[in-house]
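With chain X's structure known, arrange chain W on it following the hints.
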Amino acid sequence: MTTVLSIGQATCQTSKPLAAQREYAVRPAPRGVARTDKMAVDLNDKKALNILMRQKLFAVATSRDVAAFEELFRYYGPRVRAYMAKLCRDGQLAEELMQETMVAVWNKAALYSPDKGNVSTWIFTIARNQRIDHWRKANRPDFDPNDPAFVPAEITPADAAFDMNEDADRLHRAMETLPPEQLELLKLSFFEEASHGSISEKLGLPLGTVKSRIRLAFAKLRTALEDRS
Amino acid sequence: MSIVHHLEEDILLDHAAGTLAEGFSLAVATHLAICPACRERYAMIEGTGGALLEDIEPATDTDASWQSLRTRIAGAPLPTAKPARRGSAGGSAPILPEPLRSYVGSDVDAIHWKAMPGAAQFIIQTRDGRAVARLLRIPAGKPVPEHTHRGMEMTLVLSGAFSDEDGTFTRGDIEIADGSLTHQPVATDDADCICLAVTEAPLKFKSWIVRLFQPVLGI
Chain X
82 MTTVLSIGQA TCQTSKPLAA QREYAVRPAP RGVARTDKMA VDLNDKKALN
132 ILMRQKLFAV ATSRDVAAFE ELFRYYGPRV RAYMAKLCRD GQLAEELMQE
182 TMVAVWNKAA LYSPDKGNVS TWIFTIARNQ RIDHWRKANR PDFDPNDPAF
232 VPAEITPADA AFDMNEDADR LHRAMETLPP EQLELLKLSF FEEASHGSIS
282 EKLGLPLGTV KSRIRLAFAK LRTALEDRS
Chain W
-16 MSIVHHLEED ILLDHAAGTL AEGFSLAVAT HLAICPACRE RYAMIEGTGG
34 ALLEDIEPAT DTDASWQSLR TRIAGAPLPT AKPARRGSAG GSAPILPEPL
84 RSYVGSDVDA IHWKAMPGAA QFIIQTRDGR AVARLLRIPA GKPVPEHTHR
134 GMEMTLVLSG AFSDEDGTFT RGDIEIADGS LTHQPVATDD ADCICLAVTE
184 APLKFKSWIV RLFQPVLGI
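Quick mapping for you: the protein sequence lines, in order, are chains X and W.
Those letters in the first sequence? Residues 82 to 310, per this note's numbering, in order.
Those letters in the second sequence? Residues -16 to 202, per this note's numbering, in order.
Quick caveat, the hints were computed from the structure, so don't treat them as lab data.
Incorrect hints may appear among the rest.
Stated by the list, open to error - Label pairs and their calculated CB-CB ranges:
#1 W/A76 with X/F139: 24 to 34 Å
#2 W/G101 with X/N227: 34 to 44 Å
#3 W/A20 with X/S293: 20 to 30 Å
#4 W/E(-9) with X/G285: 19 to 29 Å
Said to hold, decoys possible - Far from chain X, some chain W residues (derived; all Cβ distances over 10 Å):
#5 L36
#6 D92
#7 W96
#8 P100
#9 G101
#10 D149
#11 E158
As the structure is a computational prediction, the values presented were derived from the model and not from experiment.
No residue lacks a Cβ here, since even glycine has one placed at the ideal position from N, Cα and C.
Isolated chain X (complex conformation) (with noise of 0.2 Å):
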């Protein structure tokens, strides 16, 4: 396989000079023949970002296709790594539980589906399942869309799929207009394994406080979200 992958290494590109512009360079050469397919991909438009992932993540499931996990590995395995060194500082710790992480991204490729958000947001679910596991000594208990006593939305998860590489854009652009104050917080819940609770003492703040924060952090995002033009 001759895939060249050059994310996170700062390839310049010329004809569009953004500073968090990126080049995938994507050669799939199948069986000796040379093309050289280009797409590049800025890391800033979440949208064509997890578009891409899920054509990677759909090749892993359906041909073990190596030189595309290279790629899912390359974006998401340095990210998953300084999230779990957010609670440790032993890098040796951070780094076995990333590999953990993407070795079940690798074995459960199969089994990912539009319905378990996008392919950031699954992986996400992954990592922070592995943390749960080794940190809290805890399982993770999660609903089964397949169980009999699971009750449906009414809208199709078709719709649902449509909308979710839109809305990975749309979520990370409203992100950027919270509130200092309420970006905090969510980042130290997600990052920092704060519950509401303990995030009020660490702060100082009323329970009361954090709570609408938080409230108003959601409300602010769906907003966005629901605002499809």
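Structure of chain W alone, referenced to chain X:
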């Protein structure tokens, strides 16, 4: 019958972030299984976690990592699909939705209830033990047994209904109470009420004397 009493964002966030004790997460996940409205709100909250992961400052040294992972997946056997666990193979939908049914080990008809004053209970084992999760079966028309509130308590109705100052709770409704709330739920007259009740684990005292008197002191 639709669900009236839902989960609020702060609890959904703690579930998405993985900070809730396992017992509380069990109640949240079981509510989500039967409440599409909360599931939709939850999807966005979990999506926020995905978005934050995209934006995190990535670690470096990817090459060495990749070489080591590549070796691991090359040697790994292909995973085989696990058959789905089913607690009840009957025709009608089970009373206990997943993930609760797997935690209990069966649907309600096969539970070995243990008698307690005024009700029957079944303690559900969790790995972290940070919260105590139990199924309660309260006889029709009877009050929920007296219990002290220490910290948070979540009650999810699975069958039948109960009423208290906050209204009537039927299947899927979830009530979250903290120490400040005094309530006396009573099962409605038509049927026994089966609910999942989760409370924070009681404080553990080092002194055996205090432990001995804990039930008497009510702490």
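Here's how the hints hold up against the structure:
no., hint, in the structure
1, W/A76 with X/F139: 24 to 34 Å, "32 Å, holds"
2, W/G101 with X/N227: 34 to 44 Å, "37 Å, holds"
3, W/A20 with X/S293: 20 to 30 Å, "21 Å, holds"
4, W/E(-9) with X/G285: 19 to 29 Å, "22 Å, holds"
5, L36, "5 Å, violated"
6, D92, "14 Å, holds"
7, W96, "20 Å, holds"
8, P100, "29 Å, holds"
9, G101, "28 Å, holds"
10, D149, "17 Å, holds"
11, E158, "17 Å, holds"
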